[in-house]
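Undergrad: Residue strings, one per chain:
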Amino acid sequence: MSTKITVIEQLKNEPKNLGLKALLILGLIGVGILGVVYIDYNGFTEFGLTVMWNISKSIFTPNTALLFGEGKNGVLFLITETAAIAFLGTIIGTIVSIPIAFLSSRNIVPGWMANIGVAFITVVRTFPAVVYGLMFIRVTGPGAFTGVLTLAVASVGMISKLFIEVIEDLDPGIIEALDAAGCNGIQKVQYGIVPQLMGNFASTAIYRFEINVKYATILGMVGAGGIGAPLIFAITAYRWADTGALLIGLIIFVLIVEYGSAKIRKKLATGE
Amino acid sequence: MIKFEGVVKTYPNGVQALKGVDLSIEQGEFVCIIGLSGAGKSTLLRSINQMHQITGGKLTVDDVDVSTLKGKELRRFRRNIGMVFQSFNLVKRTTVIKNVLAARVADMPLWKSLLGLYAKQDKIIALEALDQVGILEKAYSRADQLSGGQQQRVALARTVAQQPKIILADEPVASLDPVTSQQVMSDFVKINKALNITVIANMHHVDIALKYANRIIGVKEGKIVFDGPSLKVTNDILKEIYGRELSDDDLMGA
Amino acid sequence: MDKIKKFFLPKPIVLTNGKVVQPAMSPMVYVIPILLVMFFYSTSLTGFALGTLINRGSRFFDILVKMFPPNFGYFTKVWTPMVVTLVMSIVGTLAGAAFSIPAAYLSSENMVKSPLIKFIVRSIMSVLRTIPLLVLVILFLNMFGAGAFTGMISLGVFTFTIMTKMFYELIDTCDMGPFEAIESSGASRVKAFWTGIMPQLWGQYISILLYNFEMNIRNAAILGYVGAGGIGILLNDRLGWRAYPEVAMILLVLMVSVYLIESLSRYIRKRLL
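Chains as they are written, first to last, in my numbering: chain A, 1 to 272; chain B, 273 to 526; chain C, 527 to 799.
Heads up, some of the hints might be wrong.
[To be verified] Distance ranges between label pairs, derived from CB positions:
(1) A/Ile59 x B/Gln288: 47 to 55 Å
(2) A/Glu70 x C/Ser789: 48 to 56 Å
(3) C/Tyr556 x B/Val280: 28 to 36 Å
(4) C/Val653 x A/Phe68: 14 to 22 Å
For the record, the hints were derived by calculation from the structure and aren't laboratory data.
It should be emphasised that the depicted structure is a prediction, and the values quoted were computed from it without experimental measurement.
Just so you know, even glycine gets a beta-carbon here, dropped at the ideal spot from N, CA and C.
Start from the sequences and build out the full structure, keeping to the hints where you can.
TA: Right under this line is the structure:
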């Protein structure tokens, strides 16, 4: 073969990707410079290590009266309240998301309508949950109710975005088949759409519940109920035994939620 | 020289895959191992480079007792033994040349391998290996854009770039079509002859094994039941190895 | 008990050949009552009051209305904190992402032979992952004082814990063939991982990195609330003063930034996968 390439020729043909490499290196240098300019290092306080040591130690020396305590200050109540906030926020967010998602899906409504819906969802999604929290607190005052509303609104953005993806992936063949079998509108929804959507919707909602549980602990900070506020007050007041009790509760609770969520979602995905 | 003396392999679940194997293979031989699936072919092959640890007997490669090797010594030993797999075992998302260069990382300092800084010499070795299997022009294509036969050649080139003394091939053509299989097997023969590398291959298809190997080893239930030149393999011998008449499934129809 | 079960079972279907098929009990039969009980229990626990929402819900929109028109002149004060937020998110995410690779390696079923090491690393990572971002921030505030440095470290550690899990799940499901091949050539497990496994996963790795980056930009607003630098401080301050047109400007800048970053990361992801 006359066109056969030699090893040395091929060695020279190696794509150098110089552009990409330069972009990567320049990017890193740029970030480094920006970091040095905009992020001030204020020195290290050794007291921080003491705090870290005390927090770590506190998990093994918790205030058992608080940990197993009943009533409104007990860890069990705070965890239940956090779970309730996250649960209600997720349920309301899911219910609100369903019509929004259907009205923003290209295979259900005309394109212009879907565009408006998607734009609305994008706007809702961009705001951090804390912003909604700070706004709702001026509506309903501090407390668990504010937490519920905040998480509900914050959930709508993500849930409806994921729902739209599921709806737009619907297999139209099934509807056609039901059409051919002479099903009416309600039957088409019941046998053609619901079975396709249910699993995915449920999976999305459970996933968001997991996220909401974590948010619920943060929202405590803006006064929206749950275990977050007592935990942060305990740490900032250096009440280590209380910190330990609250942290143990939180860690176990989040681990259970993560485990359960993964299990159920796996079941939904693989069908048992 | 590879020497098995009463080699036994028992898996943790109690299955005895090798039941006292005696065997010696000289440098530069082309050996095919045939037998039913589950007869112990793969275990036999993988015990040579200690991808499977033997549990009894003695296995030496060039007078080194391989079962005593650990850590760094084992890794240094493995550099002399290349391996080719049924499923090619390439990184499909990356280029052919990078797959071949992977054979060189064993010899590189860790930091260089982390940054992917291959020496020019390594690149030349890799390209020459690709040239040897006839796909030099594909060096910068992504591996998943190549056909099955070409991918197996990349895998062979990766092994050659390792500059080994022995190549172990575990069902190298079982997932290829007959025509491609023949081409890949010819490449094995070419490398065996040109570089005096010992080739030991497990083969599912008897006819391919007989056509390309100088020596056939028949394995049945963890024991060697035949060992001799391929020309001496008769139907009766095959019947003994397989415990039944050969079926179409055992032949590639080449 | 059997009677109750029978009551919930769907009607048997009689086939034309006379055989009777009993469809399985739908899980809805117990899922819906459980959800309902949880719903009503939660509403009473959280003091959920639809009345309050209807009566006072308009206040939420009052705030929205007061935001218009946004104070565009305020932009000059907004953009520096926004850049700080971006920079601390980028550096934090990159650092957390980098450390997550060795941690994921040590947590992976495929890579670590010793079940003990894997168990220890995974347990530590699981516990770290449950710690809320805010607790991390308070911890690092005690070490590094108020400012963006604390925010950066907090986001870094937070990203590290999340990405480690996401990444070891990827390692556990990837193709081990190349790893086996490279290990058989005499390379160490670390080298075989880097040359045989990582090239399969770079795309997905960058994808989860971008996902975490997007999340961190939103989280950065929380950080400011406790004094860890960036746009959150400003947001909290202006909300406290009820300076809504200025709040609107901050939110607008945040929105545009998040939108641009999401578009960019969507573009990169499309190119990668």
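Undergrad: Look at each hint and say if it fits the structure.
TA: Hint-by-hint comparison with the structure:
1. A/Ile59 x B/Gln288: 47 to 55 Å: Check passed, 49 Å falls within 47 to 55 Å.
2. A/Glu70 x C/Ser789: 48 to 56 Å: holds (51 Å)
3. C/Tyr556 x B/Val280: 28 to 36 Å: violated (55 Å)
4. C/Val653 x A/Phe68: 14 to 22 Å: Holds, at about 21 Å.
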